[in-house]
Amino acid sequence: MPQRRSCGKNERVTLNGGPLLQVEGLGKIYGELRAVSDLTFEVNLGEVVGLVGPNGAGKTTTLRCLAGIIPPTQGRIRIAAHDLQQDPVRAKGELAFLPDEPRLFDYLTVREHLNLIARIYGVADWERKADVLLEELELKGKENALPLELSRGMKQKLSIASGFLHEPRLILLDEPLTGLDPLGIRRMKQSLRQRAEGGAAVVLSSHLLPLVEELCHRILVIAGGRNVAFGSLDEIRGRLSGTAQVLPGRESLEDLFIRITSQSAAPEEKV
Amino acid sequence: MSLARAASLIWIAGIRNRIRRQIQRMRQPKYLVATLAGALYFWLVLGRRFRFSGGAGMQLPAEFAEVLQLVLVVFALISIASAWVFGSDKAELTFTEAEIQFLFPAPVTRRALLNFRLTKSLLRTFLSALIMTLFSGRWVTGRPLMFLVGSWLCLATLSLHLTGAALTRSSLLESGRSAFRRRLGTLAIGLAVVGGIVWWALEVSKPELPEVWSLESALAWIRAATSSAPLSWVLYPVRAPIRVALARDLSQFASSLPPALGVLAIHYGWVISSNVAFEEASVEAAERRARAREARRSGGARGRSLPAVKSRIVPFRLGSSGRPEIALVWKNLIAAMRVSVPRMLLFLIAMGFASSISLTRRFPLLPVAGAACALLVPVLVLLGPNAMRIDFRQDLSQIDILRSFPMTGRQVVRAEVLGPALIVAVLQWTLLAAAVGLSASYPMPGFELPKRIAVALSAALLAPALVLVNLAIQNAGVLLFPSWASFDPGQARGIEALGQRLLTLAGTLFVFFFALLPATLFGAAVAGLLWRALHFSALPIASAVAAAVITFELSISIRWLGRVFDRFDLTAP
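Sequences listed follow chains P and C, in order.
Its first residue numbered 1, the first sequence is counted upward by one per residue in the working numbering.
Its first residue numbered 1, the second sequence is counted upward by one per residue in the working numbering.
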């Protein structure tokens with residue numbers, strides 16, 4: 001049964017070295033279309049995992065299932081040892097989901113968005129943390145602005161600030177750099193690295209393969225809703241070469257991606 | 001491929017795909033039922049009475065037809081005058097964003113683009129004419145087909161004139177005349193022409209004033225004044241298409257059709273020969289529409305572009321600890337205070353003022369104002385939840401964010417319903433207090449002050465509970481039938497949307513009265529038992545019992561809706 005209380009930091013579960021995110025046999029069916037099928041993977045604390053795949057591969061559906069936004073048709077998701085279906089409040093208290101298109105409340109100012117998040121997630125000393133984030137994301141001076149008065153990039157930054165305020169241990173990002181300027185992109189990358197180094201697990205979905213290659217420790221390639229490759233870049237190279245060895249090499253993620261997805265290209269599966 | 005062929009491809013494929021999608025949607029019972037309900041209503045209200053073929057049906061009497069013609073002429077003149085004087089200074093032509101993206105850079109001439117736009121506009125005016133004919137064609141002239149052709153000619157000519165005016169205004173601006181000078185010039189010329197013509201009609205032609213004013217004599221005078229030159233020449237192009245629409249038989253139709261077609265052709269020639277650049281303004285206009293649509297999809301302002309929000313007032317300081325659902329109530333109260341409440345207050349003041357004015361002729365002002373306040377309380381029970389849409393109806397497009405919050409469905413539903421309920425309840429309590437206060441010094445035999453206080457207290461207990469029921473139903477509608485409430489590109493249109501609204505209204509009324517049944521029974525029983533002993537003082541107790549029953553029902557409904565929210569999948573078909 002879902003729990004009522006929000007999950008404060010002091011209630012966090014110690015994982016004893018286990019993975020922060022565990023996904024087992026995840027599947028999602030829309031009507032007659034199987035969008036995601038039998039997806040199994042884990043993400044450890046301090047790890048950045050990239051989710052890549054062609055358009056319509058099921059990346060966004062997967063992320064939305066992981067964030068508890070849409071219910072999976074089958075499978076199990078555990079976040080910090082909390083089952084997302086059985087104990088959604090505690091599981092969701094550990095995560096932040098940043099969609100590709102910032103979804104903001106039209107009538108709340110920048111600071112009011114952060115105040116709202118602070119209450120929902122029970123963030124102590126939120127004003128100081130908000131100031132740090134606003135400074136970091138160049139939103140200082142815009143505290144009283146409404147979303148309508150912000151540019152696309154600023155809205156994205158506010159969405160990021162709202163996601164980071166409660167210091168989530170699992171960060172789910174869908175195309176995180178959309179709309180950001182070059183400086184914003186650099187800061188976002190630094191921020192994600194810092195948070196991973198600080199112990200957060202990050203899952204990011206992107207079509208920007210150089211970004212994924214640069215930031216991610218492991219990469220999950222999905223096509224037609226299925227896991228077609230999972231591992232570090234070197235491990236995937238090794239698997240593609242037909243050996244089980246880790247093969248450091250010059251072949252970029254882009255080359256590998258094209259090879260993998262062209263091999264596994266299949267029409268959308270119908271139920 | 002020529003633009004004409006491309007245009008026909010766009011339109012035919014668009015209509016075909018829309019029909020195909022509608023048929024696909026109807027595989028699901030909720031869309032099928034809505035479409036059938038809409039079609040049934042359409043048939044019962046309009047279709048059954050409409051026949052294109054057959055003899056003449058009901059006709060307006062000749063004098064009324066003449067009055068109608070006069071009204072239409074005046075309406076057309078006002079539209080034309082306001083377009084020239086107050087219209088936009090940019091040559092904005094309505095193109096969709098896709099048309100701009102695909103057709104503007106395409107190797108087609110400017111004239112071809114203009115023709116595309118004009119054809120589209122003429123097709124739209126035909127649809128409008130068809131709807132007008134369905135509503136009124138049979139009873140106006142009894143000749144719906146002739147009315148259809150005539151009303152299309154009226155609308156098409158007016159549409160071409162407005163486009164021509166926009167292009168000409170823009171051309172004047174390009175030639176260096178400022179917007180203010182142009183407006184002033186247009187206004188001066190217009191006034192001079194109208195003044196001159198009226199002077200000519202009254203002083204030179206001198207139609208004989210009737211001795212006794214009646215509808216017939218007034219019409220005869222207007223007929224005489226407007227049929228003499230030069231007023232008749234000025235009005236001729238305006239009257240020509242209207243005469244076609246109001247033709248009472250085939251010979252009138254046949255004689256009035258060629259001049260109307262001539263006027264249409266002249267307008268077409270005027271617009272097409274214009275060499276004003278319309279592209280930039282059209283792109284800007286398309287972007288504006290896109291922004292407004294985006295605002296609608298993000299839940300802003302119920303389909304309009306968001307109004308400017310100047311207020312930064314918050315209802316209370318939100319701490320970072322405590323029940324998380326209070327954060328959602330706080331958010332919704334902010335939304336209400338910044339947009340909905342000012343509008344509602346204006347509405348209430350206007351209604352209170354109107355009802356006070358209508359009653360002050362017979363009664364003193366203060367008790368009348370008190371009565372007006374009391375009358376607004378039940379109005380708010382029904383209209384308040386419709387006006388205060390700061391709940392799931394506004395947050396549906398943000399459902400991703402709400403779903404990702406660490407809150408149970410029950411908490412979210414409770415918070416969403418509570419926000420607007422609080423606002424409406426505070427308004428109702430204020431109105432009730434005002435009603436009692438304003439009428440306190442006015443003696444009402446049989447309804448003394450203590451009785452008034454007892455009734456007001458009962459209303460204060462019951463009215464917010466009723467508002468909560470209404471809000472719970474409206475929000476249940478959104479959670480159970482999200483596709484009926486969302487602003488998706490594939491949202492229902494036409495007959496299906498009509499059916500959805502009818503079913504929603506019927507369902508809301510049914511559930512509302514069904515939900516009130518147990519509360520009414522319990523409340524009536526308590527009032528009946530205590531009336532003898534307590535009289536009016538029994539009412540607040542009975543209301544409290546009824547409100548308690550409603551609260552119990554609500555707690556069960558919110559628990560159930562919470563489970564619906566927990567399972568909610570916006571992506572489900």
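No lab work stands behind these hints: they were computed from the structure.
Each residue gets a CB set at the ideal place from its N, CA and C atoms; glycine is no exception.
Check the hints yourself; a few may be wrong.
What the hints assert, rightly or not - One-sided and incomplete, this derived list gives chain C residues near chain P with beta-carbon spacing under 10 Å: (1) 44; (2) 66; (3) 68; (4) 319; (5) 324; (6) 335; (7) 344; (8) 394; (9) 405; (10) 407; (11) 568.
Right, here's what the structure says about each hint:
At a threshold of 10 Å, the smallest CB-CB gap from residue 44(C) to chain P is about 34 Å, leaving the interface hint violated. Taking 10 Å as the C-beta contact cut-off toward chain P, the hint placing residue 66(C) at the interface is violated, the least distance being around 51 Å. Evaluation of the residue 68(C) hint against chain P yields a violated restraint, the C-beta minimum of about 45 Å exceeding 10 Å. Look at residue 319(C): its Cβ gets to within about 7 Å of chain P, closer than 10 Å, so that hint holds up.
With a cut of 10 Å, the hint placing residue 324(C) at the interface with chain P holds, because the nearest CB-to-CB distance is about 4 Å. The criterion of a C-beta within 10 Å of any C-beta in chain P is met by residue 335(C), whose closest approach is roughly 4 Å, and the hint holds. The interface hint given for residue 344(C) is broken, as the beta carbon of that residue sits about 15 Å from the closest beta carbon of chain P, more than 10 Å. Interface restraint check for residue 394(C): the shortest CB-CB distance to chain P comes to about 9 Å, inside 10 Å, so the restraint holds.
Nearest Cβ of chain P to the Cβ of residue 405(C): about 5 Å, under the 10 Å cut. The hint holds. Evaluation of the residue 407(C) hint against chain P yields a held restraint, the C-beta minimum of about 7 Å falling below 10 Å. With its C-beta approaching chain P no nearer than about 8 Å, residue 568(C) sits inside the 10 Å limit, and its interface hint holds.
Going through the hint list in order, the structure does not satisfy hints 1, 2, 3 and 7.
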